[in-house]
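Participant: Turn these sequences into a full structure, and let the hints guide you.
Here the protein sequences line up with chains A and B, keeping their order.
Read in order, the letters of the first sequence correspond to residues 1 to 281 in the numbering used here.
Read in order, the letters of the second sequence correspond to residues 1001 to 1141 in the numbering used here.
A hint or two may mislead.
Claimed, not checked - Away from chain B, derived, C-beta distances all over 10 Å, residues of chain A:
#, residue
1, GLU71
2, GLY188
3, THR280
As the list claims (entries may be wrong) - Here are some of the chain A residues that sit facing chain B, going by a computed Cβ distance under 10 Å:
#, residue
4, PRO10
5, ALA11
6, ALA12
7, PHE14
8, ASN15
9, PHE16
10, SER69
11, VAL72
12, SER108
13, ASN109
14, LEU115
15, ILE129
16, TYR137
17, ARG138
18, GLN140
19, TYR163
Said to hold, decoys possible - Here are a few chain A residues that sit away from chain B, every Cβ distance over 10 Å (derived from the structure):
#, residue
20, GLY13
21, GLU100
22, VAL124
23, GLN200
24, ARG203
25, ILE233
26, TYR249
Just so you know, these hints were derived from the structure itself, not from any lab.
These numbers were taken from a predicted model, which means no experiment stands behind them.
All C-beta atoms in this analysis are idealised placements derived from N, C-alpha and C, irrespective of residue type, glycine included.
Here are the chains, one letter per residue:
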Amino acid sequence: MALSNVLEAPAAGFNFENSSSVPENNLYVRVNEIHQRSVVFSSFFFPSPVFYPLLQDGVVLGADTRATSSEVVADKMCSKIHYMAPNIYCCGAGTAADTEKTTDLVASNLTIFSLNSGRKPRVVMAVNILQDLLYRYRGQIGASLILGGVDCTGSHLYTVGPYGSVDKKPYLAMGSGNLAAMGIMEDGFRPDLELDQAKQLVRSAIQAGILNDLGSGHNIDLCVITDRGVDYIRPYQESQYKDHRTNKYRFRQGTTPVLTDTVVPLELEVVEEKVQQMETS
Amino acid sequence: MNSRGLRSQLKDSVPVAGFCPQSQFGVQDSLRGGFSSVKNELLPSHPLELSEKNFRLNQDKMNFSTLRNIQGLHAPLKLQMEYQAARQIQRLPFLQSSNLALDTLRGSDDTIGFEDILNDPAQSEMMGEPHMMVEYKMGML
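Facilitator: In structure tokens:
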């Protein structure tokens, strides 16, 4: 009876109190709701080829900059290439908040690791942490990521799906525009590309996605990671459809005329005055 | 960190209680909890609810069971004894403890997960009534 006053501390982590169970025949409604809540990064990124060993060893990642919320563009200049470690960057497609938060979490874990051990993190470590995390939540975290980086064992490129699947390839594309991008990649990829050729290839692939997919658009960002450092080029190519405002829309002071002006003073009276000595010792 | 699951080690999951209506006198509190339905109370409403509730317990179970297979019975027994001891280190009944010893034993003191960011119990807005909590702990209630 009085047990209702004894508090059970809420468990840390996700709180499912607000989720309601939906009967099976309303599955359509449920899916619709999810889309409206999320901002989807329709994107594709890309990662690029490992260069010919005699030349530089590195990875080129590219992404567009459009974030959509159903049919409306939510963000024209969003940044899809996230930082994970000084030598590891990650492109994220799927639900915007999920990719941001998950990459932040993994970045924090990698930083803690490198502070603890004094070593630079490896790309496989980030992949393992991500895979465990996403598998634990059974795909409810909608993050499809492409990780690329250069560490002491060389350059690597991995993709992690929302359910925790991992793939390691020389070139990858993810997101809604991945079909168009993959076509360009399959055609143009050679194992011995130079840096400039690789950048051009990535650019063309993303351009194909921008032109042929509604969920991708605007600028192209590139991130080149080599063992000498990271070159984050934002933007690498700007969209040709920028809007130019022809007028200034600020109004000068006094545009709206004041017709009447009424001032009402608020009368307050002191009801009670109490002085309490403060203990300052 | 996470043990790559050996699902065969997981014979039966921990039964879940706690879906009863949360209010005084055991009646459904419509103002705070919404309308009640038997299905909502018996079954979890989110696919992850059960698995998240039992996640740590299941993970510990799997870890202990693999440890037992590799190193013999004594290893998990000794570890479980240490876990029990670390679990006893708490603050007053109505205050949140950091569980530092338990975290260190588990190895989760140098990892950050969603349980460190979301719904941190140390920052919850509700606190149990101190006298009630102490009496409950003492068994006087």
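Participant: Just to be careful: measuring from the Cβ of SER69 of chain A to every Cβ in chain B, is the smallest value less than 10 Å?
Facilitator: violated (23 Å)
Participant: Let me know if the C-beta of ALA12 of chain A comes in closer than 10 Å to any C-beta of chain B, holds or violated.
Facilitator: holds (4 Å)
Participant: Does PHE16 of chain A meet its interface restraint, that is, does its C-beta lie within less than 10 Å of any C-beta in chain B?
Facilitator: With a closest approach of 4 Å, the PHE16 of chain A hint holds.
Participant: Can we trust that GLY13 of chain A is non-interface, i.e. its beta-carbon lies farther than 10 Å from all of chain B?
Facilitator: violated (4 Å)
Participant: Holds or violated: ARG138 of chain A as interface residue toward chain B, Cβ cutoff 10 Å?
Facilitator: holds (6 Å)
Participant: Decide, holds or violated, for the assertion that all CB atoms of chain B are farther than 10 Å from the CB of GLU100 of chain A.
Facilitator: Since the minimum Cβ distance to chain B is about 13 Å, GLU100 of chain A lies beyond 10 Å and the statement holds.
Participant: Can we trust that GLN200 of chain A is non-interface, i.e. its beta-carbon lies farther than 10 Å from all of chain B?
Facilitator: holds (39 Å)
Participant: Given TYR137 of chain A was flagged as interface, is its beta-carbon under 10 Å from a beta-carbon of chain B?
Facilitator: Holds: closest Cβ of chain B sits about 6 Å from TYR137 of chain A, inside 10 Å.
Participant: Would you check whether the claim that THR280 of chain A is not at the interface survives, using Cβ distances to chain B and the 10 Å cut-off?
Facilitator: holds (29 Å)
Participant: Answer holds if the nearest beta-carbon of chain B is closer than 10 Å to that of ALA11 of chain A; otherwise answer violated.
Facilitator: holds (7 Å)
Participant: Does ASN15 of chain A pass the interface hint, meaning its C-beta sits closer than 10 Å to a C-beta of chain B?
Facilitator: It holds, given that the least Cβ distance between ASN15 of chain A and chain B is near 5 Å, below 10 Å.
Participant: Hint check: is the beta carbon of ILE129 of chain A less than 10 Å from a beta carbon of chain B?
Facilitator: holds (7 Å)
In the structure shown, a violation is registered for the earlier hints numbered 10, 11, 19 and 20, in ascending order.
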